[in-house]
Amino acid sequence: MNWFDKISAHAAADLAGKTSRRSLLASLGGVIAGGALLPLLPVDRTFAQEAAEKTPMDSKTCDYWAYCSVDGWLCTCCGGTTSQCPPGSVAAPIAWTGTCLNPSDGKSYVVAYHDCCGAIPCKRCYCNTNEGDTARYQPQRANSVSWCGNGGAPASYHCTTSRVLAIAE
Amino acid sequence: MNWFDKISAHAAADLAGKTSRRSLLASLGGVIAGGALLPLLPVDRTFAQEAAEKTPMDSKTCDYWAYCSVDGWLCTCCGGTTSQCPPGSVAAPIAWTGTCLNPSDGKSYVVAYHDCCGAIPCKRCYCNTNEGDTARYQPQRANSVSWCGNGGAPASYHCTTSRVLAIAE
Amino acid sequence: MSFFGSERSSPAATVAMRRGLGLVLVASMGAGVAASSAQTIDPASLPEPLGVLVLPDKPAGAHWVWFCSFVDYGHGTLVDADSGVVLGTLELGYQGILPQLSRSGDAIYNVGMYFSRGFHGERTDVVEIFDPKTLAKQGEIEIAPKSMRGLPSTNLTTLTDDDRFLLQSFFTPALTFGVVDLALREYVGEIETAGCAHVMAAGSRRFFSLCGDGSLLTVDLDNSGTEKARQRHRGFFDAEGDPLHGTGARSGDVWYFASVRGVMHAVDTSGGQIRFLEPWNFGESDEAGVWVPAAPSQHLAVHTASGRIFVLMGAVPDLEPKPGGYDFHRGLGSEVWVFDEQSHERVDRFKLERGYAAAIAVSQDRAPLLYVTAYKFADIYDARTGVRSRELSDNKELSGTQIMILPVP
Amino acid sequence: MSFFGSERSSPAATVAMRRGLGLVLVASMGAGVAASSAQTIDPASLPEPLGVLVLPDKPAGAHWVWFCSFVDYGHGTLVDADSGVVLGTLELGYQGILPQLSRSGDAIYNVGMYFSRGFHGERTDVVEIFDPKTLAKQGEIEIAPKSMRGLPSTNLTTLTDDDRFLLQSFFTPALTFGVVDLALREYVGEIETAGCAHVMAAGSRRFFSLCGDGSLLTVDLDNSGTEKARQRHRGFFDAEGDPLHGTGARSGDVWYFASVRGVMHAVDTSGGQIRFLEPWNFGESDEAGVWVPAAPSQHLAVHTASGRIFVLMGAVPDLEPKPGGYDFHRGLGSEVWVFDEQSHERVDRFKLERGYAAAIAVSQDRAPLLYVTAYKFADIYDARTGVRSRELSDNKELSGTQIMILPVP
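Protein chains in written order, with my numbering: chain L, 14 to 182; chain D, 14 to 182; chain Z, 144 to 552; chain X, 144 to 552.
Rather than coming from a laboratory, the hints here were simulated on the basis of the structure.
With the C-beta cut set under 10 Å, the calculated list includes, among others, these residues of chain D facing chain Z: (1) Cys90; (2) Pro99; (3) Cys129; (4) Lys136; (5) Arg176.
We put the beta carbon where it would ideally sit given N, CA and C, even for glycine.
Put together the whole structure using the sequences plus the hints.
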């Protein structure tokens, strides 16, 4: 069974069971933005994680707590960290923001998602969570648009960081 | 079982049975030149064809008789024909050549493999046959080098035609 | 080197491809060819002429469609949907989206973003002009390097209804629109918005946009493409409680937009007016969950002649927000729901064969096809029956990740 | 817009990333981190500084390796092979092949081919210079737009042994080499060959090439990079009966090349001389078939200190030609055979776990690793035992189709 069959089978199972349909859709939907990531580890991992436990402290997985409104490749898989761009790229100074719950302390934090720019598409560890994502006419929380090219950063997109700004009031 | 597993399984079976190992290797090896074609229909088709019959008269398959020394994407799958480039591309005036046996008349023909250039990588119907393919120090029959960029053609590679020149003497 | 074949591609050769060469049995266009028939070669036909194909006129009743592949450098593939044959491809540039087809049929435009060194170096944004028959580039118009990129939508670029101007979404992150005069082949300039995005044509000199406060902004251009007037029309939608997806679909003078929770909003732009039609709820819950528009990119289509609205729908467990806000609005679809424009009744519900889809579109003829993409695949359905007639797949008819669809009129 | 985070990346921020922030538990470099430990955040550490990482010095004993991905726009991925952690990536341009690492460690060079408009427009070939710590581009040198592209090989570009000149294979289809002065950052010019391809360094001012008549061509440069002398050394190999694969491997002053049928040819370039060593047959037949070098791209490696030659081998049914000529020479490999440089004995035979491979390379330290790529995967083996220690896969540690390998010295 190839992975597309797997997806279909899972989709069918999900539809039947109503379990985690949301994460299936979010993961698959997001693939589009990342594009051409097939075969898709994020999808596989999402499936694996439905059975296994969540990994909110592993910053190389989509479950990482601060990644609640990401749409792109994790810089932690590209030679960067959650807040630092990989060597050779340029951090976009302007970012969209999200509000994510840290299960370690039960507090919500404001996270700025800075794209790293000016380097080849990283194409690793694609994640698409969408908590609080808005349409483009409300761009400050819109994760589906490329923020590279803004504020003097080069326009090509490499990966996305998730930089914790402050405790959410 | 994903396609990589399939390949491994087939490879193992081939090694055991010594059947069609050659076509397996040629097909897989060629993937490199075409690159990034995964998941790989040519491989799948090669496998399918080992069980099924050859299709030497179907110009959208690697079995087509005049494709005996191709390394690239078939223009017949990209909007062109065996001898005509797809719209929007430019035919490289200089080509490598091969000699292919036409099973319809039992004659061998000289085939000129003209790359079509100046357009996006077509990335469809990848084939790698290598009959008579030479190293680059004997370039006139070398199919592993890009012929786009030569003779005034643009340097980006789109697909490959297989133009019959003459009956081989 | 002299021993290489070195016949140049010539106009004569380009014409010669139309000759009936005994050899070229397996033509690339048209329907099936007996692939296993023997192939005898007339020695007099050799050497085969080398050339480059030109597209024929689209035959009456034919269904041609562009499937567009996203990310990195994008491209479109022109497919004859009836035969499944690839007719040609068109490069669309960095994170390219969709070409724009002129109503006259005499040009294809693409707003391309390019870098001087692959993915680095100097950025240049251009409107490229292609010949629709040869797919060869005819020229380009440089515009301000501000084009919006990211997840594609059909409503980030548009032509005015007379093909005179092209309007392009900019994002810096200020939201503006670039105006290009296609007749003069000149970049006119930029039109500011106060937080409005997506651009929809509403006449020869008017476009509108959706704004962050739920209003609709109309902008009127003069004959040079400069802003002549603007008006903000308040109360089109609930931007906080149930915002609209930015990708809409047009039926004559009416534009439709679906909200994230499944309310259809429509605006009639006829007669130079803006008239909001009564919104109507089309969402539904059943044993699969709550059905909402599945809007990763292109979830809405209208077949104008029959007045049928097609919506890609997906089921989600519920509409409750997560700690950071709701996240149910960008999933894939598994069904296409068909509504009547007048009655708003759901007249059909097509379960998609593959179980997931990213984008849909409908041809406008009397035997309409429903096009559906699913990344590495595209499927062709009868839009009247929901029966799938053809599957297209990666590395065969397609290449890349298909997420946008543009039927050729 | 003012409500967006707009802190600029500054040198201070770049330094700040080296501070031990309580938050950044999951660092990108180094070995495993307790991924499931709780993460408490010191409010005083917020907002986290934004910055760009700089590579550390390679620790003693560390195994860093570039895996290079082919087709379209290529790129290299720098991986810490001991931990599997990605350290960074480098764009290599259209059909990019491999970066060149200076012996001094102060520069990374790439011969990039670019187009002004993605895959169309004006072509520019450049030698790009990158900082090995920041991976930021430092400059570029434009060269003649003649770079050879197609199936990659490690021997299409080289630095002279003193890093002064870069030599690049050209193909128009005349075979020539471009010479670039890296010290002056100038393109010097082109050196004609009479049908010789691949370029191998043999000293500070000498390179050699393989020729279509089975000879070896040496070219000596003067201090400006201009040809000073050339000599053709006949009889290196049988170009008609058993030609050499163009991709060779170097051990000190000796270069090894494998023939398509499995005969090893070696040339000793020491002392400014050219001395052909006795060829030796290393092919073999067994129940799997006839074993030949599996040479889609990079089939040969030498661990110099131990005098071990590694050859990627594949079994083919026979060596008989097809109607158009033999076609067994470009297949994938399934085993790596290990030979002793002195005795020519086969000292080991590693069966590859995945059953197929496209390229191999070996690190030069005392605990050498054998790197193996298989398109969407790369595997790391102990070069002494043939035991696989790590698997890298697409969309996790890698991206694209991996077919070239460059261990960092």
